[in-house]
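S.K.: Sequence:
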Amino acid sequence: MTRRRKIRSSISIPITLGAITVLLSLALLVGWSFLLGQKIARSADIAGDVWLLVLGALSFVLIIVVLVLFVIALARGIIEVRKQDTFIDSVTHELKSPLASLQLCLETLGRAGLEDDAREKLRRMMFEDVDRLRAFIDDVLEANRLSYARPGMLNLSDVSLSQLAEHSAEAVRVRHKLERDEVFIDVDPELVVTTDRAALEIVVNNLIDNAAKYSERPARIEVVARRESDKKVRFEVRDKGIGIDR
233 MTRRRKIRSS ISIPITLGAI TVLLSLALLV GWSFLLGQKI ARSADIAGDV WLLVLGALSF
293 VLIIVVLVLF VIALARGIIE VRKQDTFIDS VTHELKSPLA SLQLCLETLG RAGLEDDARE
353 KLRRMMFEDV DRLRAFIDDV LEANRLSYAR PGMLNLSDVS LSQLAEHSAE AVRVRHKLER
413 DEVFIDVDPE LVVTTDRAAL EIVVNNLIDN AAKYSERPAR IEVVARRESD KKVRFEVRDK
473 GIGIDR
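So in my numbering, the last spot in the sequence shown is 478, and the numbers never skip.
Treat the hints as calculated values from the structure; they're not laboratory data. Treat the hints loosely; a few may be bogus.
Below are the DSS-like pairs computed for lysine-lysine, each with C-alpha atoms no more than 30 Å apart in a straight line [what the hints assert, rightly or not]:
#1 Lys409 <-> Lys463
#2 Lys463 <-> Lys353
#3 Lys353 <-> Lys464
#4 Lys353 <-> Lys328
#5 Lys445 <-> Lys353
#6 Lys464 <-> Lys409
#7 Lys353 <-> Lys315
#8 Lys328 <-> Lys464
#9 Lys315 <-> Lys328
#10 Lys328 <-> Lys409
#11 Lys464 <-> Lys445
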């Protein structure tokens, strides 16, 4: 909530200042036009004064347009910076968890008299953390590629939603140590879409991962997909967790 207030506050300041500036410019335009109109009524050189009025009005309109565009660009820039801050916070959080786990495992392995079974368990945990880090880094790199990709640069192919959902669900089960029945897949095996598989997989992974992360145990996560029309597929991830603030 605090971050949302900061974003709104940062955006509201330039928008407010821009609106005030635009209103002042409009007031000046109206006042200047009124005074010049009175001058024209008393002037002998009406043609020259009319051209002066037209040029002045166009100049004011141009100034207002530039101000509006500047405010829009400034607001977009602030939003982009805030998005980058949020992304960095998210990446930092996701990296800290497996790194802390790896450090704890290494410290435990350094203890004398540790049984072989305990050592093997720690080794498995470390491999899981490394796999988690590798998958997260791959997702970040892929997301960065997609953010700069144009429609023609996407790797489009026919993707089975059932297979993709099951693959993502299995990865989440392993990551969060869930039982198989805690993530239920309800997707028609014949349901195929044409899309960038890597991009869609990132989205599905994040949806199921968030559902598992914010659900109490035992979790009840449902992954459902239905074709609504020739060009539209509804994909849903349902859970009974605590939810995430909008």
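S.K.: Now, for every hint given, state plainly whether the structure supports it.
M.R.: Cross-check of the supplied hints:
1. Lys409 <-> Lys463: violated (36 Å)
2. Lys463 <-> Lys353: Since the Cα atoms of lysine 463 and lysine 353 sit roughly 48 Å apart, the hinted pair is violated (cutoff 30 Å).
3. Lys353 <-> Lys464: Given pair lysine 353, lysine 464 is violated - Cα atoms ~46 Å apart, limit 30 Å.
4. Lys353 <-> Lys328: holds (21 Å)
5. Lys445 <-> Lys353: holds (23 Å)
6. Lys464 <-> Lys409: This hinted pair is violated, its Cα atoms lying about 33 Å apart.
7. Lys353 <-> Lys315: Roughly 39 Å separates the two Cα atoms, so the pair is violated.
8. Lys328 <-> Lys464: Violated - the C-alpha atoms of lysine 464 and lysine 328 are around 38 Å apart, more than 30 Å.
9. Lys315 <-> Lys328: At roughly 20 Å apart (the allowed maximum being 30 Å), lysine 328 and lysine 315 satisfy the hint.
10. Lys328 <-> Lys409: Distance ~19 Å between lysine 328 and lysine 409 Cα, so the pair holds.
11. Lys464 <-> Lys445: Cα-Cα ~29 Å, so holds.
Checked against the numbered hints given earlier, this structure breaks hints 1, 2, 3, 6, 7 and 8; the rest are met.
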